[in-house]
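Undergrad: Sequences and hints are given; from them, build the entire structure.
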Amino acid sequence: MFTSRTTGLMLVLPAVVFITVGFLAPVLILLAQSLRLEDGWGIGNYLAFMNDGLGREVFWRTIKLAALVTLAAAVIGYVAAWAIVETRPERRGVLVGMVILPLMISPVARTYAWLVILGRTGFLNVLITNLGLSEEPLRLLFTETAVFIGLLQLFLPLMIISLVSALENLPRDVVPAAQTLGAGWIATFFKVILPLTREGLVIGGTLVFTGSVTAYITPAVLGGSKVLMLETLLYQRVSVANDFASASVIAAILMVTTLAANRLLRRLATPRRR
Amino acid sequence: MSSRMGGLMLALVFLFLIGPFLIIIAAGMSAGETLAFPPQGLSLRWFWAVFEVESFRASFVLSIGLAVGATLLALVLGVPVAYALARYPLPGGEAMSTLLTSPVIVPAIIVGLALLRYVVIPLDLGIIPALFVAHTALLVPYAVRVVSASLANLRSDIEEAAVLLGANRLQAFFLTVLPNIRNGILAAFILGFVTSFNQVPVSLFLTGPGVSTLPIQMLWYMEFTYDPSIAALSALLALMSMAIVLVAERFLGLSRYV
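Sequence order for the protein chains is A and B.
For the first sequence, position 99 (counting from the first letter as 1) is numbered 99 according to this note's numbering, and the numbering increases by one without interruption.
Here this note's numbering = 1-based position in the second sequence + 1000.
Treat each hint with caution, since some may be false.
[Stated by the list, open to error] If you anchor each label on the Cβ, the simulated ranges turn out as follows: (1) Tyr46/A with Glu1094/B: 45 to 51 Å; (2) Asn1168/B with Ala241/A: 54 to 60 Å; (3) Arg263/A with Asn1168/B: 23 to 29 Å; (4) Pro1129/B with Thr7/A: 28 to 34 Å; (5) Leu54/A with Arg1155/B: 56 to 62 Å; (6) Val1076/B with Val256/A: 55 to 61 Å; (7) Val1061/B with Gly42/A: 46 to 52 Å; (8) Met50/A with Leu1008/B: 56 to 62 Å.
Just so you know, the hints here were simulated from the structure itself, not pulled from any lab data.
Backbone N, C-alpha and C define an ideal beta-carbon position, used for all residues, glycine too.
TA: Below is the structure:
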């Protein structure tokens, strides 16, 4: 009964036209412009970006921070997800809900909270000076640490949710089995739990890594112009310097980095054949 | 890991995830002129003050309108796609679904910049239509995915029965399919609304002086002013999101679709 290709095509056509005109075509043109030089085409803009000290520094900082956030989210995520899966099923739903809730709240509000905590007159500095740990308030904002903390809080829930569903599918008896056979906690984790939950880890890792690479609000609010990341640099290049050539290069770098991370991590997810 | 140890770890993780909200709520209740925690005296004055700021009011209205409009259009475009994917052989199936879900994998800031350069400026498009197009494009993949999930469990015999009983295909869809995927559509609407309302990077290049979405207006404001109003506004937004999520979870089981 459902064989008409024409009907199928008609149903998807409006969305296809909209996405192509209002999204895909402009994005592809922008990415292509990164190869456009004053006289013809080439990778000159990329070389210029990478030879510019700031460009290189921002690129590596973005990769480094995203990798560190992903690593920290994985470690904390396993502990939290394990503790959630261990609870009774009726409590588990509430706990998962509490993990998801922050995801629905405006990232601007979530990031602003760290301004209140880490600012010059913020919670942490009040604590530090009152305890006499330091005479002067410390400069905690506009540091890589501040951006790291903000990104971790923003994206940790995605990792926990991915790992909760992975651990829920882990057969209940593999861990006691490994331990009966003499494996310690570390061996049990690396030889049993990690291989069996690799897919969930990769899904969570991809979300956290690409989310961190493409974050704008967190570096803008907690990093400022001292700790630029790719998106805040892109914004500066357009709105302050009006430099579209280098903006299109950053756009292309962002795009390639996200796609490459997706690819690479997906390859890691498929178990090795022996 | 012992269960007590696990409980402690979990408590720390939740302190990290949710604690900051309690701090903004407290900071918003300050009676003082500058942002501080612990707050200088308690009052709700900043919670009222944010309603007095004209730029917050205007951008709040724009953000709500944009979120509702873009989500509705994304559903109008996305529901037929989800239905087609579930029921019809599609020309270029895999490529087609890659095309339709591509907006999720492209960093949103690029979409905003690309639209500004190659659509908004050449066509001399206004700020609001530009935001509307950008937000809709980002939401179509969500609409398709969530509605597809609720269509997946729906067997096709009910439409066949309706058609055998004399309905045409369109009537069969509206009378048998639509009522059955109503919850999926509502869930998609709520997710789309929240996503659009909170979205910043795509709107960065598309908003202009005087016309801005609420989150961008907040970013602007906090750059120049250091009073508790953003804390109060953030607290209000957090409470609004919590209310939406709790209601949606209660009636739709929203977390199944996230």
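Undergrad: A separate judgement is required for each hint: does it hold in the structure or not?
TA: Against the structure, the hints:
| no. | hint | result |
| --- | --- | --- |
| 1 | Tyr46/A with Glu1094/B: 45 to 51 Å | violated, 31 Å |
| 2 | Asn1168/B with Ala241/A: 54 to 60 Å | holds, 59 Å |
| 3 | Arg263/A with Asn1168/B: 23 to 29 Å | violated, 45 Å |
| 4 | Pro1129/B with Thr7/A: 28 to 34 Å | holds, 31 Å |
| 5 | Leu54/A with Arg1155/B: 56 to 62 Å | holds, 58 Å |
| 6 | Val1076/B with Val256/A: 55 to 61 Å | violated, 33 Å |
| 7 | Val1061/B with Gly42/A: 46 to 52 Å | holds, 47 Å |
| 8 | Met50/A with Leu1008/B: 56 to 62 Å | violated, 46 Å |
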